[in-house]
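Kindly produce the complete structure, drawing on both the sequences and the hints.
Here the sequence shown stands for residues 25 to 285, numbered as in the numbering used here.
It should be emphasised that the hints constitute simulated quantities derived from the structure, not laboratory data.
Nothing false has been slipped in among the hints.
Computed beta-carbon distance windows for the label pairs:
1) G225 with A81: 38 to 46 Å
2) D136 with K96: 19 to 27 Å
3) Q264 with A90: 41 to 49 Å
4) G183 with V99: 34 to 42 Å
5) P266 with N179: 13 to 21 Å
DMTMM-like, lysine to aspartate or glutamate: derived pairs with alpha carbons at most 20 Å apart:
6) K96 with D58
7) K96 with D71
8) K96 with D82
9) K96 with E72
10) K96 with E86
11) K96 with D119
12) K96 with D125
13) K96 with E79
In this text, a Cβ means the ideal position worked out from N, Cα and C, and glycines have one as well.
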Amino acid sequence: MGAAVGRLHRLEPSGRRMQWPTVTAVIPTLNEADNLRWLMPRLTAVDEIVIVDGESADGTVEVALAIRPDAKIIVEPPTGKGSAMRRGMAAATGDLIIMLDADGSMDPAEFDAFLALLCRGYDVVKGTRYACGGGSDDLTGLRSLGNRMLTRTANLLYGQRWSDLCYGFVAMRRSAVERLCLRSTGFEIETEMCVNAVRAGLRIAEVPSHETERRFGESNLNTFRDGWRVLRTMVRLRFQGPLAPAGEPAPEPLPVLSALD
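Okay, here's the thing in structure tokens:
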């Protein structure tokens, strides 16, 4: 954790020491031991790692702890990505939370771009593979077409201008988690985060991200089954109204920098 501690403080010209917000990485896993050997050593810029493991049989937990003994491990039956992410967010203690897949397709070197926007006042920041500077080595033509159609539908339903709805590289303020009222159990949780952020009146932004291919193993994503769940989620939530009482202003963002005496 030496690298993380060094990141937390800097000296202002006035001589005051400033404290940066703490960051938790939440990672759902299911038989990702080989991928964690690549990912875990690269998580030096976070203060806390929460791994929610679906009872892996390949030594995933052991590999994670061998590389990062300070990681917080939660083991539960594999009920879906959404369930694991919700459990991980509930266990996080950092001021900011960043969620990423365990397969090595999302680069921790991109964390700063997400966290910088949170520090500028946004509540939720999501990655996009379609903006300038983003891209994907993994999207098939069929999945890309489906994602674009679902994104366009979500934009029409919610009056937004998103470019990439179905991508799980997301960061948020921990104070936003409760307001999102997440309930999804599967891959559709990525869509639920976006649409509930709108329903709750939260500030949401996109940042370019480049997705590489999964480094080892095979994805659990099912294009047609999970695409249907995404569509059903966005339509159902559209007609449930706002999450915050009508007319009630959104709470002020928590301060992200504080002076230390």
